[in-house]
Amino acid sequence: MQPRASLILGAICCVVVPMGFALGRWSGSTAATVGGRPSESSPSSDRSLPQAGPAAKDSADFSAVTIENLGQVEFDHAFEMLRTAPKEALIAWTKRLEALPISPRHTAAITLFFKTVAQIDTKVAVDLALSIERAEPRWTAIGAIDVGAPLANLSEVARMYSGIDPMGQALVGSLISRWSLTDPEATARFLAAYSGTVTNEELAPFLGNWAARDPAAAMQWLANADAKRRSSRVYEEFYAGWMSKDRAAALQAIAMRSSEKVMKKAIRRATENLFMDSPDAAREFVLSLSNIAAQKEAVAQVTEHITRVVLGGADRIQIKPPEAAKWLATLPEELWHSEIGYVLDQWGFTDPPAVNAWLNQMPPQTKDRLLAEQCSAFNWNVPTTGFKAGLQISDRELREKTFREVLKEMNGAGREELLQKAELSADEAAEMQRILKRL
Amino acid sequence: VNLSRGFFVLVICCAAGLSFAAGRVVTTWTPARPISASARITEQVIASDASAAPTLPEHATDLAGYSFVATYRILRSATPEMVRTYCDALIQSPKGPAREAALSVFFRTLIQANPGLTRDIFPKLKKDDRWLPLSAIRQAAAPTGMQAVAEVMLGFDRGEISGCSYDLLRDTLNEWGKSDPLALKEFLDTHRTRDVEGYADTLLLNWAAYDPETAHDWMTREIQRRSSAPRRANEDGEEEFVDSDLRYVIESMSAAWVQGFFANDPERAAEYIVEHADNPAVERALNGLAGDLFLLSPERARELIVRLPAKLQSDSLRNISEKTNLLVKSEATDNTTSPRYVAEWMLKFPPQTYADGIGWVLRAWELSNGPELFSWMTDLPAPIRDEMVRRFPSVSSDNAQEDFDTVLHVPDPILRTQLLEQLAREAGSSEKQLRRVLEKSQLPADEKARLDSLIPESEYQVASAEDDSE
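Line by line, the protein sequences give chains A and B. Following our numbering, the residues of the first sequence are numbered contiguously, the last one being 423. Following our numbering, the residues of the second sequence are numbered contiguously, the last one being 473.
Worth flagging that the hints you see were computed from the coordinates, not collected in a lab. Among the hints, erroneous ones may be present.
[Said to hold, decoys possible] In silico BS3-like links for lysine-lysine, alpha-carbon gap of 30 angstroms or less:
#1 A:Lys229 / B:Lys98
#2 B:Lys451 / A:Lys229
#3 A:Lys245 / B:Lys130
#4 B:Lys451 / A:Lys107
#5 A:Lys212 / B:Lys188
#6 A:Lys351 / A:Lys392
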């Protein structure tokens, strides 16, 4: 071979080798990606449940996938399989899922399929869901897309709902609540064109989210909206959102309208938020309200976290009786009257020395009034702390008046039972007997 | 010359073939290169989404704008330390929608990319900061991530995640069990000290749907184990469990198994139900599965129900009424759950059987397509129409005005009057709202007074949302 020919051959090889190598890598990675077999470590892979994923021998054979078993493979495999699957495969799986007999297990499979596809390509998921004719799987798919679609793709969820006859039902609450977190203007445009029902309860978070970004725009929207939209609940969220953007301006606006009944929830929410952040700021806000009724509403929002009975579930806002009591005592008496008693009784129930120490720091007259409040709010099942508080009232007249009020509705047997429960000392019991004689 | 040309082609082909094979082999077998996490992230984000930032966004809250694919790959390849640092930055960002959005995206993705790390991060969050992430992971978790979600939930006080009418842990375990009951069984077995025994029914419901025999064996052993719990004599001298809930728990397990068995083999389960209809557990199971059977086949549901005792027939129809879907039109291709279909299906039973269930179907129909309902009622034979009127629900406290207006626009005057009277007679705890709506209506004064006189005084009043909106 001539040297020139060898050089040409070498040059061609230099071009061909990297191309071949790159082609080999590409083909290898493609084959590996479409595998989607269940993981060996999948918790159920070796159990009696049928395996999901394509047949092991042909990892790219999407038609061999038992799509209803998607939930049994590691998410990474499910993700890669659905991400790389051609549209024809997605359509075929949708048809298969639609045709399955309705059962909780199959509903779970439809949910998982659509939730995952919605995350990867929301548009495709929406098109597939809208192509389903059977009612149950169709609405399951729609619900899954609503839950699964990423925030960045919610315009596709909006398109989905725009293509559905809502039959007078409220369907878009979750959508507008989530979408307005990142794009309230787009949410507003959607709402302007949407013909279905949107309740005030659903609308409220949207306005709250918008007000947190652009209070003026949110306010303008509300001003232009139907009067029914300007409800107590909507204002609550709107002002809460505004507070997170510009607390001072929002609080001033609330205070200016504090005599309006529709502002009740906004006042309560603002007080609660402020109290959790700074009791001093909450106090300042309460006192800035223009009327006593609004101020009492505000105070009640804090104390109700201690006084109310929550049926089922726990109160997620944890306010301790001592902090509430100390805060209430910084307010004018007309605001803590008939609020602080139960709070003190709760505190006294868990830590009597701490309550006594705190009360002992008070001027005598204030201390007496606080003890009278505590006594009036005694617990019928555990009356000890309340009664002992009443017996500590130094002003004899106030002490007798307090017990007279407490016991006036009770007959002799009832009083006797209550006094037995109260577990008073001999001196305290004697004092009680003296008071009872004068009733 | 020909030989040298042939040699030329042969060499080139060999070089191409060998390099191609080398490329494939390298792809298949080369272990992950130990590159830095940030470099990996850069590669992957560019590969998956050219418009996304190459690394985790500088401002933590910008994550909300990333596609799922980009976020997933970032979190999947990032080191635990990076993820934790990023989580801290998100938690410390100013409260507001941007933080909420980013936290939601972060946790929704992380529970899918790395469930174990998600579980490990939770205990380090302040209590107030846990609710949004909890909601995010519950919504997004795939079945293989459900164990992590359940373990996160065990870190909450049970009272915080459950109440009279909800139990977030049960919801999660149920979703998990639908896809992987054996993993759920293992979880319950290995967490016995964490107060999870009450969820055995959730396991059985889902396990029996896959494998009723094995699930039944497990249930039998479990009931035997639990039945050895301490007992005492009650007032009547009968023996009862000291733990008063135990009897209920055991019955729940049996009922759940029947439901699961039904999902696995409706034919055999139907026979079993008929044969054991006097068993309290079967009675309870029917409350859950009658609706499922209806969805599977209304005709088969009817065939089963007519073989049951009268009370169970009535209970089954009430359960089926809850499957009515307000969003399904009468003329839809699949209209089985449309209010009209369900109503007409129920009318094939005697009135005393559908009496409890038809009310909700009529309400659903009224809400979705009132004119169609009233036209249908008008055309019914008089006795059936009267029965439908008697079962027609009254106004709700929150929508008294709309409910009243719908009836006020019924075209047929006789039916309209009948229904207005029914609304008045059955106002119940919505008395105040109905009186208010009636007073504001355009009806003649004497008609208002007549209807008002039919409204019974209610001991209880329900506050409406409207009360707060004035």
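Each hint, compared with the structure:
no. : hint                : in the structure
1   : A:Lys229 / B:Lys98  : holds, 9 angstroms
2   : B:Lys451 / A:Lys229 : violated, 50 angstroms
3   : A:Lys245 / B:Lys130 : violated, 34 angstroms
4   : B:Lys451 / A:Lys107 : violated, 53 angstroms
5   : A:Lys212 / B:Lys188 : violated, 51 angstroms
6   : A:Lys351 / A:Lys392 : holds, 24 angstroms
Checked against the numbered hints given earlier, the structure breaks hints 2, 3, 4 and 5 and satisfies all the rest.
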